[in-house]
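**Q** Residues per chain are reported as follows:
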Amino acid sequence: MSNLAVLPIILPLVAAIILIFFNSKVHVSRALTKVFSLVGLGLTGYIMWEVINNGTIIMETGDWIAPYGIVLVVDSLAAVLVLTTNIIAVACAFYAPSAGLGEKEKYYFYPFFFFLISGVTGAFITGDLFNLFVFFEVLLMASYALIVLGGDKVQLRESLKYLLINLFSSMLFVTAIAFVYGALGTVNMAQIAQRVQEADQQGILTTVGILLFFVFATKAALFPLYYWLPKSYVVPNPVISALFGALLTKVGIYSIFRVFTLIFVHRVELTHEIFIWFAGLSMIFGIIGALSTSNIKLIVAYNIIPAIGFILLGIGVMNETAISGSVYYLIHDMVIKSALFLLVGVITYVAGTSDLKKMGGLIHTYPLLGWLLFISAFVLAGIPPFSGFIGKLLLLQGAFEGEHIMIILIGLLTSLLILYSVAKIFINAFWGDKDAMGQIKKKSTKGMVAPIVFLLSLSVIMGVGAEYFYPVADSIAAYLMDPQIYIDSVLKE
Amino acid sequence: MIFAVLIPLLVACFIPTISKAKSKIHTGIFTFFVPFFIFLYFIRFVGEDFTPIRQTYNWIPSLGINLDFYLDGLSLLFVLLISGIGSLVVLYSIFYLDKQERLGHFYVYLLLFMTAMFGVVLSDNVFVLYTFWELTSISSFLLIGYWHFKERSRYGALKSMLITIFGGLSMFGGFILLSVITNTTSIQAMISQADVILSSDYLPLILALILLGAFTKSAQFPFHIWLPDAMEAPTPVSAYLHSATMVKAGIFLIARFSPIFSGYEGFFITVSLVGIVTLCWGSYMAVRQTDLKAILAFSTISQLGMIMAMLGFGTTAAVFAAVFHILNHATFKGSLFMVAGIIDHETGTRDIRKLGGLFTLLPISATLALFGTFSMAGVPLPFLNGFYSKELFFDATLDLESASLLAELIPYLAVLGSIFTFVYSMYFFFGVFTGPKQLNQLPKKPHEAPFGMLVSPIILVLGVILIGLFPSMINAPFIQHAAEAVNSNAEYHKISFWHGWAYPPLIMSLIVVVLGLALFLTRKKWSGIYKVLPGKLSFNRVYNSLISKLDTYSAGITNSYMTGSLKLYMSLILVTMIVVTTSIMLFTNGFTFSASNLADITVIEVSVVIIMAVAAIATIFTKHNMAALLILGVVGYGVALLFVIYRAPDIALTQFVVETITVALFILCFYHLPKLRKTDDSGGSKLMNAVIAISFGAMMTLIGISAHSTNLFDVISDYFLETSYKLGGGDNVVNVILVDMRGLDTLFEIAVLGIAALAIFSLIKLKKNKEAE
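Residue numbers (our numbering), protein chains in the order written: chain A, 230 to 722; chain B, 28 to 800.
Careful: at least some of the hints might be erroneous.
[Unchecked claim] Label pairs and their calculated CB-CB ranges:
hint : chain 1 : residue 1 : chain 2 : residue 2 : range
1    : B       : Ala-720   : A       : Val-243   : 14 to 24 Å
2    : A       : Ser-686   : B       : Leu-714   : 55 to 65 Å
3    : B       : Pro-231   : A       : Ile-690   : 35 to 45 Å
4    : A       : Gly-284   : B       : Asp-76    : 34 to 44 Å
These are calculated hints, taken from the structure and not from any lab test. Computed from a predicted structure; not experimentally measured. Each residue gets a CB set at the ideal place from its N, CA and C atoms; glycine is no exception.
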């Protein structure tokens, strides 16, 4: 029992509330945001250390014992995700002042930002299915607020679709929770897991599980439920896109992770086999989407979908190698996606357009941006020695151990096309004559590049220094493969 | 050995600074020492008593990814090629590239490539090998795109990258399969488990994946198409990467894995067939080219095919010949590329139709080209190394272990390919250096190249001659070790010039010379054949249409469903959910029904529910906003009534309040809302929508009934009833749950409302501000 578990949720909540009062003082808001995000990073770093050394941190809120009250469970998976979330929050906090938010900074951008972080962290930490729903609401409401901020027509149009589809999935979520409660009489995840196990996942339970899968799959933007994603991620400011791209879909895939490694693990040959199909289709259709456009923001947004496919693949294969690959890939993707969204944001800003056909020769004026993009392309495609490679290696090894040959081939081909989709940006936007775009005035990218370099170096370190990170992923996988550990640690039996 | 791999990389980090600081001195001069010292370091390993060396440095031991460097005869041959040719190419580039060029970039890429290439040939770890393999593709991409203001360069760079990385990923897939099957990541350890691999069900797949990697990298038919376009790179790069070293990585890979696969018939057939077809096709196509570098590119393709074929044969003689030819090819082709570069540099063109009669103007270059082309053609002269390897090749084709039809055909195909090799070699030499001068056609007035530029090709040609004069000199200390690494039975081979008239390979060589000469002289007469073959059949077309189709089809597919229509999105989402969820329900026999724990149903409940259902259906058919709104209100109040009936007055009250406020708010906004538009959906799509909606509703109902009927456990709410007062201090359980037991939920639900309020406020305010401006 430690109050440490609630701090990563409460800290951003408090930060958000404080920042509401400083809305008109932009400089104070900026400074406070940086401070709070750094404190959050320190805190979650400490929590990570604590979890690795002393095991899962559990907190029974209000001293209502499990399974009756809401339990917060910071296990190794939650800890690493919360830490990554805070790393991205820091990068975005430092990027935001130069992101050209303008008036939006005065209209509660920073509070919304922290509400979002609070919701995301809460979703990772909670051990209660209904509470998970509440945190989903928090992060969704914050994301609605961020996406409409500014109120341009195109923003409102795209956010309406985003809102309605997500509203539908929220309703489905509550309904599914009602079904779970109806069948099992509890909403505590550990107890649900225990009871599903006792009932041998008989009867309607698998169906309810699949319903939950669809709820999360909609948030995670899996094929064929991602229609809301590409355009709605493109319309807001890059820093908002980066937050969305890195965090929102990942909450969905995390939930699938949790529910299908902890609770519904007794009919794997049926449920998880379906996941492999969804994974493959997500890869194929996602990358087709990325190739279909010359809008660089859209290219990156579509690239979210195959990445989610890769992560789901590991859950589908469901052996230790593949799960550790999924964990690694998940963290990798959070980092590189936020870096890429920020990067295309800068490129769009300096080029004055996001249409690839109108760009060219930027490398003469912005060599650093060019090389950052160049490296990101290889990180994203999972080319060694970068972070994506380690995850992909484990995933494919795991898939072969499970004898899923087809998906290995799809995965490899998708990697090639991912590389192509981003290399296209490098070749068309950066290569070419010095004055391919006419005489462009060099714009200052001060403050925007450092966060990107920070995130990208993290990707490189996670690849080259995999020896330091892989054991963590591996221990998480071993832990996830044995749901009993989670159940026992929460229910203390 | 690690220093050989890493020093180029380290130096590369400093090159940009050096290049800027010492801009008066050509950056190439600093770079030159890197490959040169590495060459000096490794040359000392050459000797008869050489034994393989292994060095291991841990990198990611828990994944089995370690820097295991393994220097055997084969890697030594490649290391010396890479460092040796590397030194010569850098030396040459100092004179070839002007100081005005972005030299910093050029040498960084080049050093990056050296690191990558050393890594490929020295790694014993499959995944490290793969890492360096991709790095060679990347550095090659950058070098081909070095003059990226040219459209052709960008095209060539992308093409080479896509094809080679495609192969790289495929090879990576093969490595994954191998590593899982053998449970090791070391190539040598895999070789020792060859029987495990050969008896695996996945053998054909593994082989196919690895071969794809090798074939794409070594520009084998039909993946050769990237190599001619790679010629957009500066000539030193073409000489180095795209002739002497990188394109031989695929050859290296096959050679490396030969000990595992060579016993397998599929390996023989695929590799020999692809190799021999590449040999023929490449040499046939070379004759048609007009660009000097394009001739050399197709010639390289064809020569690589020849080496590949020999590795496919797998016999001791063939392997020996293959290894020998790797070295020979590097010498004569390297020198020819450099000569082509000189001609380009001194005349301003590489178009063979504009060139001619340059012998007197560039006598040294011409002499070098003479040796290079004649060696390449395999002219039987005792001072040309190309002749020896060709003769060994012919010899090998006659002595195959396989008895298949392919084995019968191979000698004929070998002669055919060699005839065209002879033709294009002559075409290259005589087309450039003899015949009428066309000086007015040339952009520059030609004269002999500066001495510095000639040094490197001279050294290479000296190699051609020395190996030609003393072909057995380097066998025992060098070639033999390399051959042994590929085929452990490889025996010491004494190469000699003369075997007597009745020696079949000699007869084959003579046929080649005679027919080749005839074809060369009558070249103009039969060149019409290219209109028939390849005619419009070109793999370039396939690639181009593949790329453009990729773009158009992906746009077509994506736009077909990403229409922006929410209705379509929802239908697709719902259909997916219905199909998958109901199938799962059927598969798992999910449906259960039990009435055991249901409350009594009375007339009141039934009538309330009927009213609600009627109201809900009526909303769909209402054409007026206000009416729809009020009818919808009926559903809400109906729910509230149900709460009353089931004795939950507080919840009923809440529901009443919410419902009233909602309706009131709607009425307030009513004025601003647009009129309900009639949907212009056809009857069919309306029916479709109805079917989807009803089936989804039915499905949810069935799941709901089943979930409710599944009563296996006690509910936790019993605990709430027990402890509400005892621990929570409140009689009203709902209140205790809200503020205490599940207070965290409530806190964050309040936060949600707060966010919503703020969001609306900022939306309105920000909009107003904008309008005010």
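**Q** When the structure is checked against the list of hints, which entries are broken? Sort them ascending.
**A** Violated hints (numbers, rising): 1, 4; every other hint is consistent with the structure.
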